Amino acid sequence: MLEKTFEPQAAEPRLYAQWEESGLFAPRAAKPTDGAADAYSIVIPPPNVTGSLHIGHALNNTLQDILARYHRMKGKAVLWLPGTDHAGIATQMVVERQMAAAGNIGRREMGRDAFIEKVWEWKAESGGTIVRQLRRLGASCDWSRERFTLDEGLNAAVRKVFVKLHQDGLIYRDKRLVNWDPHFQTAISDLEVEQREQDGHYWHFAYPLADGVTYEHPVAFDEDGKATEFETRGFIVVATTRPETMLGDTGVAVHPEDERYKGLVGKEVILPITGRRIPIVADDYADPTKGSGAVKITPAHDFNDFGVGKRAGLAALNVMDAFARITNEDVPEIPAELVGLDRFAARKAIVARAEEENWLREIEKTKHVVPHGDRSGVVIEPWLTDQWYVDAHTLAQPALKAVEDGETVFEPKSYEKIYFEWLRNIEPWCISRQLWWGHRIPAWYGPNGEIYVAETEEDAREQALADYDSEVVLTQDEDVLDTWFSSALWPFSTMGWPEKTEDLERFYPTSDLVTAADIIFFWVARMMMMGQHFMGEVPFKRVIINGLVRDEKGQKMSKSKGNVIDPLGIIDELGADPLRFTMAILSGTRDIKLSKQRIEGYRNFGTKLWNAARFSQMNEAKRVDGFDPATVEQTINRWIRGELTKAERAVSDAIEGGRFDDAAGALYRFVWNVFCDWYLELAKPVFNGADEAAKAETRAMTAWTIDQTLKLLHPVMPYITEELWAELGKEGPARESLLIGAEWPVLPDAFVDASAEAEIGWLVDIVGEIRALRAEMNVPPSAKPPLAFVAPDAVTAERIARHRDLLLTLGRVSEITVAEAAPAGAVTFVSGGTTAALSLAGIIDLTAERVRLEKEIAVFESDIGHVNKKLGNPNFVSRAAPEVVDEQRAKLAEAEEGKAKMQAALARLDAMAGA
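Numbered continuously in my numbering, the sequence shown closes out at residue 998.
Just so you know, nobody snuck in bad clues.
Between beta-carbon pairs, the in silico distance windows are: (1) His266 to Lys114: 49 to 59 Å; (2) Ala419 to Glu635: 55 to 65 Å; (3) Thr212 to Gly158: 29 to 39 Å; (4) His266 to Ala419: 19 to 29 Å; (5) Gln546 to Thr477: 18 to 28 Å; (6) Thr315 to His266: 41 to 51 Å.
Dumping the calculated SDA-like pairs for lysine to any residue here, alpha-carbon to alpha-carbon at most 25 Å: (7) Lys345 to Phe304; (8) Lys496 to Ser735; (9) Lys243 to Glu533; (10) Lys691 to Leu85; (11) Lys583 to Lys624.
Simulated from the structure, these hints should not be mistaken for laboratory data. This structure is a prediction, so every number in the text was calculated from the model and none was measured. All C-beta atoms, glycine included, are put in the ideal place defined by N, C-alpha and C.
From just these sequences and the hints, can you work out the full model?
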């Protein structure tokens with residue numbers, strides 16, 4: 084007999100160990116009859132080796148595991164390939180902090196080789212945390228194939244790709260703007276930049292026009308916006324939030340159609356402090372409606388300005404060093420007192436001088452978004468520096484065409500727009516990082532600055548011999564590659580490329596990729612580019628985009644808000660299954676509103692299943708060798724067979740379509756609403772009856788249905804289903820395998836029995852209406868009102884006779900009669916073409932009930948009026964957070980539905996009183 088409750092804390096480690104020992108996580112052996120459709124593969128989005136399991140990981144990996152377990156049970160050779168990312172900047176930071184906390188010397192004092200050795204030591208000791216945590220979630224990855232983006236095999240693949248792209252002219256070295264982190268002194272990707280809104284200022288500076296040039300500037304306007312007054316000016320006003328960058332200004336831009344400045348285009352201004360002459364240029368980037376309409380241009384320290392500078396032929400002058408201190412290397416005119424100052428100290432000094440020299444016209448307070456390094460927390464500086472780049476535009480063209488032609492599809496399809504938008508406007512990809520931990524760039528420099536790109540230093544030396552008569556000292560590039568570079572090769576490098584391996588032959592291209600929307604650009608698009616360039620095929624046939632998990636109010640989770648849900652804490656307390664089921668059933672929206680209460684609710688779902696299995700055991704429902712569900716005769720058994728078949732279709736179709744919420748919803752409805760609430764209730768009289776043949780059939784059918792249900796539910800809730808499979812397998816024929824290795828149910832259409840469905844459907848509808856009426860009319864639970872069927876036809880009369888006992892028990896009615904008309908004091912209802920009447924006279928107090936219903940209607944009307952007032956306020960709708968507005972709309976719909984129900988009950992009450 085099953086224990087009273089399922090104890091996940093004890094069962095989960097034991098069950099996971101059984102799965103691993105079984106070898107079923109690995110793909111099954113190839114068969115001679117296997118075709119492409121017999122393999123299913125998916126690569127895990129590699130989490131950072133420094134990471135711990137967060138709720139986003141829980142969502143993403145639950146969905147992948149559902150796919151892997153489902154296709155495994157469908158008989159396919161399944162490869163779910165796991166691994167971790169070396170996470171350059173994050174890992175280097177963790178180890179440096181650890182060294183500092185231990186009082187050790189810094190990495191620069193330690194030296195590169197010794198520091199790298201230290202990082203590998205850390206990885207060996209602490210780098211497996213997230214992999215262990217994924218096991219706790221139930222992830223059925225093939226751990227024997229686990230990869231690391233910095234392991235030797237992937238390192239070889241990265242070197243080969245770099246060299247080949249360089250040979251193809253698709254990797255090159257260039258001086259361009261990058262996101263520069265002055266703390267870590269490295270370029271970082273856009274994904275590593277955190278945009279923070281903060282208070283700041285616009286400083287309005289007057290740049291004097293050169294050569295005594297003046298112009299008439301409008302200062303007053305009529306109602307039509309036409310200038311009516313002018314003043315003569317010998318300066319042009321620009322505004323900036325970063326005064327320190329003015330030292331590198333090389334132009335002032337105005338819009339070509341701006342009448343105020345048309346006559347100044349081509350003229351020059353004298354840049355304050357440096358005295359340098361810089362031109363006024365026309366460019367669409369300048370917005371006539373913002374500020375003065377004139378914009379200072381600093382190509383070396385602003386991404387937009389860099390573009391203007393390119394178009395206008397302006398010089399790009401660096402005025403900061405790698406630490407974001409003022410330097411005069413490119414601009415000798417910078418005064419000595421500013422050189423060496425931190426950028427923010429220089430800002431104060433420049434503003435003070437502007438005020439002193441009277442070219443500061445205004446200080447305007449503003450709120451603006453400032454980029455910060457997500458790891459360092461310091462303000463990011465756009466900085467002009469020599470870096471390695473990939474010609475992403477060229478590589479993007481096949482990647483675009485593949486999605487346009489449907490070789491790879493996105494689910495939901497709307498995400499294709501994001502993919503297209505980015506690839507059609509793609510910029511060169513900066514792939515070099517000024518770090519030590521990572522794939523070191525395979526490029527060597529000769530004594531005269533020549534660059535030799537090769538897979539090994541030996542190959543580089545051979546190249547150098549073409550330029551020199553003898554061996555020369557070569558110096559390898561100090562930089563490492565962007566982490567996303569190695570990740571872009573993940574689908575094929577993890578399967579052994581550049582070698583022609585059996586895994587590549589069998590599992591590439593992969594079937595699905597499950598990932599988040601925020602890395603469509605950084606990872607998905609780049610895998611598409613690299614996969615097509617090096618493999619000649621797309622890396623995956625379908626991309627399933629999962630939503631973002633937020634708190635129950637729709638707010639983004641953050642430690643500072645205290646609203647983070649820790650998945651490991653949930654697993655410790657409630658088990659992995661409720662968390663997984665919650666992730667699945669909520670996965671159909673872009674923003675998933677999650678609360679611990681929701682997860683607890685789905686724990687109750689698991690408990691319901693456990694109790695149903697226990698109830699079945701208590702009623703001797705055991706698996707019978709040779710039982711054939713096609714031969715059952717009892718109506719309830721033919722009905723549940725059909726309901727199970729429909730559930731199997733719904734679950735299979737939903738998982739195949741990547742609609743995990745629909746799959747979980749179908750499972751919930753079948754297990755809770757159909758099997759537990761109805762079938763087992765309908766089976767009770769059979770279990771307790773004297774018809775031994777009916778009893779034996781129903782017991783066998785119950786056991787068979789539970790077995791099939793466990794299979795359907797296993798991909799979503801693997802632990803409790805595996806435990807039940809083992810426990811229930813102790814009776815009846817021996818199990819052939821663990822549940823993880825069982826065959827997915829494929830039930831024939833003939834299992835759906837229309838007559839059984841109609842009959843049991845009629846019974847369920849009648850009882851459902853009675854229960855709804857009892858709740859609506861506030862009938863006490865202990866009361867048993869009489870039920871009368873009004874003028875039933877012959878088919879209905881037969882059904883009433885067959886199911887009289889069930890109607891009495893499930894409907895909680897005292898008697899069942901047939902009448903030509905509804906009795907006085909009865910509430911009538913129609914269900915499935917049958918008219919029935921529930922006699923409530925003397926059971927409920929009509930006056931008190933009227934008062935109650937009118938009060939509830941008044942409450943709903945008050946709520947509706949309150950919410951309508953909010954939603955009718957344009958300021959509220961435009962300024963409130965979208966999730967707040969959605970919450971109010973949901974409240975309105977709920978109140979309107981509640982009011983309609985109460986009004987219907989009141990109408991019934993009136994009809995009853997009138998009778």
